[in-house]
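K.L.:
Use the sequences and the hints to build the structure in full.
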Amino acid sequence: MHTDRLRPVLLPVAAVAVAVAIGAAIVLAAGASPVAAATAIWVAAFSGTDAIAATLEKATPLLFAGLAVIVGVRAGLFNIGAQGQLLVGAITSAYAGYRLAGLPPAVHLPLCLAIGILSGALPALLAGVLRATRGVHEVIVTIMLNTILVNLTDWLAGGPWMEQGQPVSRTPAIAGSARMARVAGLPVGFLLAVAMAFVVWFVLDRTTFGFRLATVGANRNAAHYAGISVAGATVAAMTLSGALAGLGGAVESLGIVGRFEPGFNAGLGFDGITIALLARVSPRAVIPAAVLIGALRASSTQLQARARLAPEIVDVVLAIALLLVAAPLILRWLLRLRPGSCRTEVQLTRGWGA
Amino acid sequence: MYTKKATFGTVALAGLLALSLGATACGSGGSASAKPVEAPIAMKGFSGDCASKDVFCVGLVTDVGKVDDKSFNQSAWQGAARAAVAAGGHAEYIETVDPKDYAKNIQSFLDRKADVVVTVGFAIGDATATAAKANPAVHFIGVDAFQATTIPNLTGLVFNEDKAGFMAGALAGLLTKTNVVAAVLGTDKVPPVVAFGKGWENGAKFTNPKVKVLTTYHPGGLDVAFNDPTWGAQTAKQALDNTADVIFGAGGKTGNGALLEVARQQGAYCVGVDSDQWETVPGARGCLVTSAEKDIEDGVATLIGQIRDGSVKGGNSFGEVGLAPFHDFEEKVPAAVKTKIEGIVRDIGSGKIPTGVN
Amino acid sequence: MKRSWTGRPVPPNGLVAGSLLAAAFVAYGIWGFRATAVLGFAVRSSTPLALAAMCGILCERTGVINIGIEGQMLLGAFAGFFGAAAFGVVAGVAAAVVLGALVGAFLALCAVTWRVDQIIAGAVINIAAAGFTSFLYRPGRVIGSLPTWRIPLLGDLPLLGPVLFRAQPLTYLTFVVVIGLQVALFRTPWGRRTTAVGEHPGAADTVGIDVARYRYGNVVAGGALAGLAGALLSVEITGSFDRGMTAGRGFLALAIVIMGRWRPALAWAAALFFGVLSGLVNQLNFDRVFDVPPQFVAMLPYATTIVVLAIFSTRVRPPAAAGRPYP
Chain R
1 MHTDRLRPVL LPVAAVAVAV AIGAAIVLAA GASPVAAATA IWVAAFSGTD AIAATLEKAT
61 PLLFAGLAVI VGVRAGLFNI GAQGQLLVGA ITSAYAGYRL AGLPPAVHLP LCLAIGILSG
121 ALPALLAGVL RATRGVHEVI VTIMLNTILV NLTDWLAGGP WMEQGQPVSR TPAIAGSARM
181 ARVAGLPVGF LLAVAMAFVV WFVLDRTTFG FRLATVGANR NAAHYAGISV AGATVAAMTL
241 SGALAGLGGA VESLGIVGRF EPGFNAGLGF DGITIALLAR VSPRAVIPAA VLIGALRASS
301 TQLQARARLA PEIVDVVLAI ALLLVAAPLI LRWLLRLRPG SCRTEVQLTR GWGA
Chain Y
355 MYTKKATFGT VALAGLLALS LGATACGSGG SASAKPVEAP IAMKGFSGDC ASKDVFCVGL
415 VTDVGKVDDK SFNQSAWQGA ARAAVAAGGH AEYIETVDPK DYAKNIQSFL DRKADVVVTV
475 GFAIGDATAT AAKANPAVHF IGVDAFQATT IPNLTGLVFN EDKAGFMAGA LAGLLTKTNV
535 VAAVLGTDKV PPVVAFGKGW ENGAKFTNPK VKVLTTYHPG GLDVAFNDPT WGAQTAKQAL
595 DNTADVIFGA GGKTGNGALL EVARQQGAYC VGVDSDQWET VPGARGCLVT SAEKDIEDGV
655 ATLIGQIRDG SVKGGNSFGE VGLAPFHDFE EKVPAAVKTK IEGIVRDIGS GKIPTGVN
Chain D
713 MKRSWTGRPV PPNGLVAGSL LAAAFVAYGI WGFRATAVLG FAVRSSTPLA LAAMCGILCE
773 RTGVINIGIE GQMLLGAFAG FFGAAAFGVV AGVAAAVVLG ALVGAFLALC AVTWRVDQII
833 AGAVINIAAA GFTSFLYRPG RVIGSLPTWR IPLLGDLPLL GPVLFRAQPL TYLTFVVVIG
893 LQVALFRTPW GRRTTAVGEH PGAADTVGID VARYRYGNVV AGGALAGLAG ALLSVEITGS
953 FDRGMTAGRG FLALAIVIMG RWRPALAWAA ALFFGVLSGL VNQLNFDRVF DVPPQFVAML
1013 PYATTIVVLA IFSTRVRPPA AAGRPYP
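Protein chains in written order, with our numbering: chain R, 1 to 354; chain Y, 355 to 712; chain D, 713 to 1039.
Incorrect hints may have been included.
Simulated restraints on C-beta separations [what the hints assert, rightly or not]:
1. Y:503 x R:159: 24 to 34 Å
2. R:50 x Y:664: 42 to 52 Å
3. Y:503 x R:22: 42 to 52 Å
4. Y:672 x D:867: 43 to 53 Å
5. D:895 x Y:684: 33 to 43 Å
6. Y:440 x R:166: 31 to 41 Å
7. D:803 x Y:500: 44 to 54 Å
Now the stretches of chain Y that chain R is said to cover, found in silico as 3 or more residues with beta-carbon under 8 Å [said to hold, decoys possible]:
8. 471 to 479
9. 610 to 616
10. 647 to 661
Worth flagging that the hints you see were computed from the coordinates, not collected in a lab. Virtual Cβ for every residue (Gly too), placed ideally from N, Cα, C.
P.N.:
And the structure:
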């Protein structure tokens, strides 16, 4: 009995361990030293307060993006547009951050966060409404919106909202009253993200609302006959998903970058998909998954400086880890584990959800 | 049945691995039909004690990108490595993956007591200035980073891209037979690209008032605008279909795609950007009449030499801009055109002809 | 009106194609070479998207969702370029197709045999492809280019000649693949069985169709097409490989599959629609028709797509079993 309880934890841990072993082999094959690589990651990601803070800062947007993807998946929706929603959240909160300078911090910071949340929710709401009322697939709409929003934010940052008197496309710096500081060496944004992970867990796993989303995600027809509003759940899940992504963008701007600058938030939304998968669509498991990837991403400087490794090695290791988490069968075969229950596979696809 | 499937799967997986290893093998060695391009200078790394006065160490931090980008990161690295070796010292680079790491990457060289830190690209300019103020004993070079205020230990290596673009455009205006020339550009959000494009346009109109200049920017975010050779090639073809016969490709890999497409068409010229692309994009030699050059490599090397002998100054140092050699087109460009262009290059350099770009 | 075996009306492809052709000639009559330039751009930019979408259609029709097309294309582009650099362009294209098929086999292995979640398997392919190609890439290689074939007589036609019949080999191959798949899916026993496996694998199984074999076959074939799409980018169009050069085309292909309602010809039409809009963006920039920031012009195709779908979308229905392992 206790093996079954342990299995969900054991599996990802073993997967990461095996992935790291395979990664070490690749490092060797590339003519570098795995020991140096491991030292580099340790030094960069965990040795001392600054390193830990750097890791957590990298993990923060990934945590939000991962949660955003999870909320969608629970309702059978694939929000591939977290990237775009995160960008809008990042730029609008930055705008509010410099434009409304002079407000007291107790008002300014929450206001900026709220603006980021709302503006991230908006495009996702559009996708949700189109899905619910017109049957337009959210994957198409969010892919389209990603491109639209990248262009919109590039234009804003290089046009009307650009910092004057210098050539770089970027907004002015956010006023001190809206900046998120570190508390006891920990970035506040990360604490917020962790809190949010627990909120999302509670909402999805412990409330009627979460149950409704899950029912819609599992079987739309059954949900409909059970009297659940499929349209309502779709719109709500997408909006919530976008709000989380938008909050992630806002925390990036207010807590880490200090302004909005195109290119500074690239790829975070897509990393969110990876994190959600690595965490097997569990909101609480997103926390260690995000910290792990944050640590790997934070070590790109030291991997080059100490181990003379191309930073892409991180992606290679991640892909292997993800595969092993996704396919316990391979892992069992590799580790010669006793075949257990067949139900350990994570199942997040529920078709295109017609 | 189940076992059969599994076996097939295992074979497939094994094959995949074998093939990917095979691809590595041909990626790292073997022979190419044409002359191979110069790969970036390999990194030897700091050896010895950089903190010591006798050991000269140069660290380079790239803009988001790699030192093998056939473009400004590679040129800057080559300049830094060359100058470091000439001074009997060492050079190392760190490739930035995430722009949020600019400061961290610079700091890693300061921690290791580098004597000179070179940063590439204007986006990293702020992080460089901050580091320079905090570390007055180290000299910094900011490639493409214009200095509005002077910091004594930070030299911005900047270029008048509009001048290089103007020279190339002037040549295009003289070479075109259809009176249509085109520019396929990266993004309007990066000032040097815009300066190249506007200079090109004004230059073409300077030598040929009848000319029509077609200009377009990549319609994507900054993350793909310089990395979409497919779009570059197809847009260049569209420009050719619009009867353009001299095409300027300026925008990293996107621009390179444009050059490669023009090289496949008969009777059209192409113009490269940044470095002499005859060296970096050999596939474009069939059309490449010249490149609008900014000499980052020599600029970086010269500044490092000045740091070595103590003659360096803070503020801005303007690097050389100009036109690359005609190479294969030496015979095909009429002598009259050459003479005229030489004059324009001289007058642009001296400022006698304004480029009309602010 | 003719109906497919599922009872849905088959759109009159001939009529649609005919009216599009007529519209193209009207445009040519008004704008001359500008119409040729825009439509030429449209056709050229549609080919990699169409091939990638064919991969998506093959996979999803048979019940396997493939979001790893982007990664398969990138690996195809990589294998195509380095294969061509080492052994010539034909070998390069072959290497791209083989690597694409192998990655397809891996996806099938995950989806069918290992019952891994298909979205995850696809995401793994994307991340691994980006990581490996970037890690293994070495600069400094050059390859020969594929020839341009001018089809006799057809190549001399006004408008259609330069747009369709003066192209490179893989472009013609794309035309053949799209038309061939359209016929095969709707007119052959293989097509009916493929659709059955994607719609109702249980029923297909009871009438003696080997569901696993069909899924393996189609996902591998789809992978080969995605690899070919990659070769199209690196070997045919640019003659170079650069990290991340697919630039999101594999994701756009997912949207095209859905817009094309899982039908090859319609998906190609959707790819052409994107191509026409992007070509128009370039042409408007070239001709300085209006002076708006390029970012806004760039949003045009994507915003138009959303609006068009919002207005005209009847509820698009994907294959019922897409994404679900069987048994």
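K.L.:
Tell me the numbers of any earlier hints that the structure contravenes, in ascending order.
P.N.:
2, 5, 9, 10
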